[in-house]
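Peer 1: What follows is the residue order along each chain.
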Amino acid sequence: MLLQRLTRATPRALNPSIQRPIISSSAPQCRRIHHVPPLTHDASFKTEGVPSLFSAEGFDLAWTQYQRLMVEKLNLLTGGTPDENATTKTLLLTYARQSDMASLFNHASMAHNNHFFFNCLVRLIIHISPKSTIIPKPFADKLAEDFSSVETFRQEFIATANAMFGPGFVWLVKTEDHQLRILTTYLAGSPYPGAHWRRQPVDMTNQSIESAGGLSGADYARQTTVQNKVGKIGSASGQPREPAPGGINLTPLLCVNTWEHVWLRDWGIGGKRAFLEAWWDKIDWEVVYNNSDTMKGRKVGLL
Amino acid sequence: MIIRQLMLRQGRRALFAPTRRWIRALNTETIEASLEHHIRETQPIEEFVNSQSHVPVQPTDALTSESETEELTTAETWEAIQAQKQTTGPLGSALSHLYRPHELVNNPPSPKDISVESLIAAQAHLGHSTSLWHPGNSRYIFGIRSGIHIIDPSITAAHLRRACRIVSGVTARGGIVLFAGTREGQERCVVKAAELAGGCHLFERWTPGSITNGQQILARCKTKVVDEFDNDVTHLFGDQLMNRSVLKPDLVVCLNPRENYVLLHECGLNGVPTIGIVDTDQDPTWVTYPIPANDDSLRCVQTIAGVLGRAGETGKKARLEAADQGIITFNPAERLRNPGSRSGSESRPSR
Numbered sequence: 001m002l003l004q005r006l007t008r009a010t011p012r013a014l015n016p017s018i019q020r021p022i023i024s025s026s027a028p029q030c031r032r033i034h035h036v037p038p039l040t041h042d043a044s045f046k047t048e049g050v051p052s053l054f055s056a057e058g059f060d061l062a063w064t065q066y067q068r069l070m071v072e073k074l075n076l077l078t079g080g081t082p083d084e085n086a087t088t089k090t091l092l093l094t095y096a097r098q099s100d101m102a103s104l105f106n107h108a109s110m111a112h113n114n115h116f117f118f119n120c121l122v123r124l125i126i127h128i129s130p131k132s133t134i135i136p137k138p139f140a141d142k143l144a145e146d147f148s149s150v151e152t153f154r155q156e157f158i159a160t161a162n163a164m165f166g167p168g169f170v171w172l173v174k175t176e177d178h179q180l181r182i183l184t185t186y187l188a189g190s191p192y193p194g195a196h197w198r199r200q201p202v203d204m205t206n207q208s209i210e211s212a213g214g215l216s217g218a219d220y221a222r223q224t225t226v227q228n229k230v231g232k233i234g235s236a237s238g239q240p241r242e243p244a245p246g247g248i249n250l251t252p253l254l255c256v257n258t259w260e261h262v263w264l265r266d267w268g269i270g271g272k273r274a275f276l277e278a279w280w281d282k283i284d285w286e287v288v289y290n291n292s293d294t295m296k297g298r299k300v301g302l303l
Numbered sequence: 001m002i003i004r005q006l007m008l009r010q011g012r013r014a015l016f017a018p019t020r021r022w023i024r025a026l027n028t029e030t031i032e033a034s035l036e037h038h039i040r041e042t043q044p045i046e047e048f049v050n051s052q053s054h055v056p057v058q059p060t061d062a063l064t065s066e067s068e069t070e071e072l073t074t075a076e077t078w079e080a081i082q083a084q085k086q087t088t089g090p091l092g093s094a095l096s097h098l099y100r101p102h103e104l105v106n107n108p109p110s111p112k113d114i115s116v117e118s119l120i121a122a123q124a125h126l127g128h129s130t131s132l133w134h135p136g137n138s139r140y141i142f143g144i145r146s147g148i149h150i151i152d153p154s155i156t157a158a159h160l161r162r163a164c165r166i167v168s169g170v171t172a173r174g175g176i177v178l179f180a181g182t183r184e185g186q187e188r189c190v191v192k193a194a195e196l197a198g199g200c201h202l203f204e205r206w207t208p209g210s211i212t213n214g215q216q217i218l219a220r221c222k223t224k225v226v227d228e229f230d231n232d233v234t235h236l237f238g239d240q241l242m243n244r245s246v247l248k249p250d251l252v253v254c255l256n257p258r259e260n261y262v263l264l265h266e267c268g269l270n271g272v273p274t275i276g277i278v279d280t281d282q283d284p285t286w287v288t289y290p291i292p293a294n295d296d297s298l299r300c301v302q303t304i305a306g307v308l309g310r311a312g313e314t315g316k317k318a319r320l321e322a323a324d325q326g327i328i329t330f331n332p333a334e335r336l337r338n339p340g341s342r343s344g345s346e347s348r349p350s351r
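As you go down the protein sequences, you meet chains A and B in turn.
With the UniProt record's numbering, the residue at position 216 of the first sequence is 216, and numbering never jumps.
With the UniProt record's numbering, the residue at position 39 of the second sequence is 39, and numbering never jumps.
Isolated chain A (complex conformation):
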């Protein structure tokens, strides 16, 4: 009888065969996770790189590993915050003006710009395709119109990228009045007008506010034009037409990533210029032309 009582009194907690259900103390977390985005030509780039531009290891370093780093950092920085479901572009536009969230802006902008760069690369099958893709005629005409020739545009673009000291991006953008221009952004600067506080168009170590281009457009305008418009109304007063709410100031079409880790492995310490010239042949001009399509059917050159 004593033994029976002892065996019956054995608490269930000591019985290893019973599975205890795990009760979570908080609600299940539901969030969207950032992943490395797929490229159009991912599969071939991973195995054979971008021929005559990146080796497979160089592509792995510049895209796979680096983008994974950016994306993991984004997940860590946004996890548990109200921004955990926001897209990369939304993050960079939201935090362009907050210096205490500079890390989040930098990683979001860098992820975005890096993807933009790799999105514009074409895959040419060796021995079958020509050396580079052809620029669609309307786009080539517009380039010739705005830069006096396509060759001038190429030289200017590469010279600008080569002259930048330090990491950054160089962009081909289309402005509000449909002009094509070259724009530089240092480090992880962003070309979007919504993030203009962090455009970083100049190297601040050697250009001050007084020198040319030291100020961004809005600041420069504010400091050089008349601000007081009291009493000026009507059609003859020279007031510009108010842009529509949220109007676009510029559209980025093409960019090159001049960060050293992108070209250092395949082109060496002094290989920046050679990398830029090799990159020129690997631009997918169809993608660039489609980026200029800000309205259905109204691409650059069809206006």
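Keep in mind the hints are simulated off the structure, nothing from the lab.
Since the model is a prediction, treat every value here as computed from it, not as a measurement.
Errors might be hidden in some of the hints.
[As the list claims (entries may be wrong)] Below, in silico cross-link-like pairs of lysine-lysine (BS3-like), each with a Cα-Cα straight-line distance of 30 Å or less:
{"no.": "1", "chain 1": "B", "residue 1": "K224", "chain 2": "A", "residue 2": "K46"}
{"no.": "2", "chain 1": "A", "residue 1": "K272", "chain 2": "A", "residue 2": "K73"}
{"no.": "3", "chain 1": "B", "residue 1": "K85", "chain 2": "A", "residue 2": "K137"}
{"no.": "4", "chain 1": "A", "residue 1": "K73", "chain 2": "B", "residue 2": "K85"}
{"no.": "5", "chain 1": "A", "residue 1": "K229", "chain 2": "A", "residue 2": "K137"}
{"no.": "6", "chain 1": "A", "residue 1": "K282", "chain 2": "B", "residue 2": "K224"}
[Claimed, not checked] Here are some chain A residues the structure puts well away from chain B; computed CB gaps all over 10 Å:
{"no.": "7", "residue": "C30"}
{"no.": "8", "residue": "P37"}
{"no.": "9", "residue": "T47"}
{"no.": "10", "residue": "A108"}
{"no.": "11", "residue": "H115"}
{"no.": "12", "residue": "S129"}
{"no.": "13", "residue": "I135"}
{"no.": "14", "residue": "E151"}
{"no.": "15", "residue": "D293"}
[Stated by the list, open to error] Sample of chain A residues at the chain B side, in silico, Cβ under 7 Å:
{"no.": "16", "residue": "R32"}
{"no.": "17", "residue": "A111"}
{"no.": "18", "residue": "H112"}
{"no.": "19", "residue": "F116"}
{"no.": "20", "residue": "N249"}
{"no.": "21", "residue": "T251"}
Idealized CB from N, CA, C, for every residue including glycine.
Given chain A's structure and the hints, the job is docking chain B onto it.
Peer 2: Frame of chain A, contents of chain B only:
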């Protein structure tokens, strides 16, 4: 161009006489600064060339030259913003999908989104307790777990795809599809599915006899006539509709057959094919085309109703596209006289 020809004639030195250097500065400039720089450089060239030749050079100044592009309206600017968002918005990272219940109803998935993963996520594989099963649907059951039968989701997917083809086939031929779901919470998805397919919905109790005794029960309901473009042309056929019989659906999609036995029985008596969600405790022979799935999970029901609605939308779109090309894919209503013709001629035959 003009400047180059002048250079050849006048010589490079003459044209490069001004002190400003023509090599564009390679320091980084803003757009506005670079534009002003450009204008400052080209104005002396224009002045020089204009002074030398009789043909004036076109000014490149943005203010004096005519703008080639017209001002965009607010609507066009909005369209441009949306197009740019689509192009550059997703760049940076790929975000994983997050389930949001309202999206399943407002923007339902299409038949190509049917996958085993999405059906399991919608709890379509969870059947009822093993003691309550109907042996007639044993072929759909994968196994048993936690005391319930598990429906094989790949079988669910196959049956759902078949049902989608049937719904789109019916709507492509101008048939009336009735979506019926009388359980609580099924109203929104039933209405949305009917809206997409251009059919009818039912989310309250089915009035028994609406098909078998339809002439009595539905006598007060109005009938309408539509042409091949789905435009209402009832006003042309007004007096001809007075003595017509009431309509019956050409296909019935029932989201809870368990509670709608009468509806399904009437359909069976009148030769109306039915599609229904059949759970492990239900008789699969009640419907013509069963979809073995979980009828108790609202997410599962919304997924299935949404997918069938999208399939109906595809069929309807195909019918309207054919009509645009003059091809009629349906049999026009019988014994309707062409409006304006006195004789008892048939309406125009279909191809």
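Peer 1: Give a verdict on every hint.
Peer 2: Structure-based check of each hint:
no., hint, result
1, B:K224 with A:K46, "violated, 61 Å"
2, A:K272 with A:K73, "holds, 28 Å"
3, B:K85 with A:K137, "holds, 25 Å"
4, A:K73 with B:K85, "holds, 24 Å"
5, A:K229 with A:K137, "violated, 45 Å"
6, A:K282 with B:K224, "violated, 61 Å"
7, C30, "violated, 6 Å"
8, P37, "violated, 4 Å"
9, T47, "holds, 21 Å"
10, A108, "violated, 7 Å"
11, H115, "violated, 5 Å"
12, S129, "holds, 25 Å"
13, I135, "holds, 19 Å"
14, E151, "holds, 14 Å"
15, D293, "violated, 7 Å"
16, R32, "holds, 4 Å"
17, A111, "holds, 4 Å"
18, H112, "holds, 4 Å"
19, F116, "holds, 5 Å"
20, N249, "violated, 9 Å"
21, T251, "holds, 6 Å"
Of the numbered hints given earlier, the model fails hints 1, 5, 6, 7, 8, 10, 11, 15, 20; all others are met.
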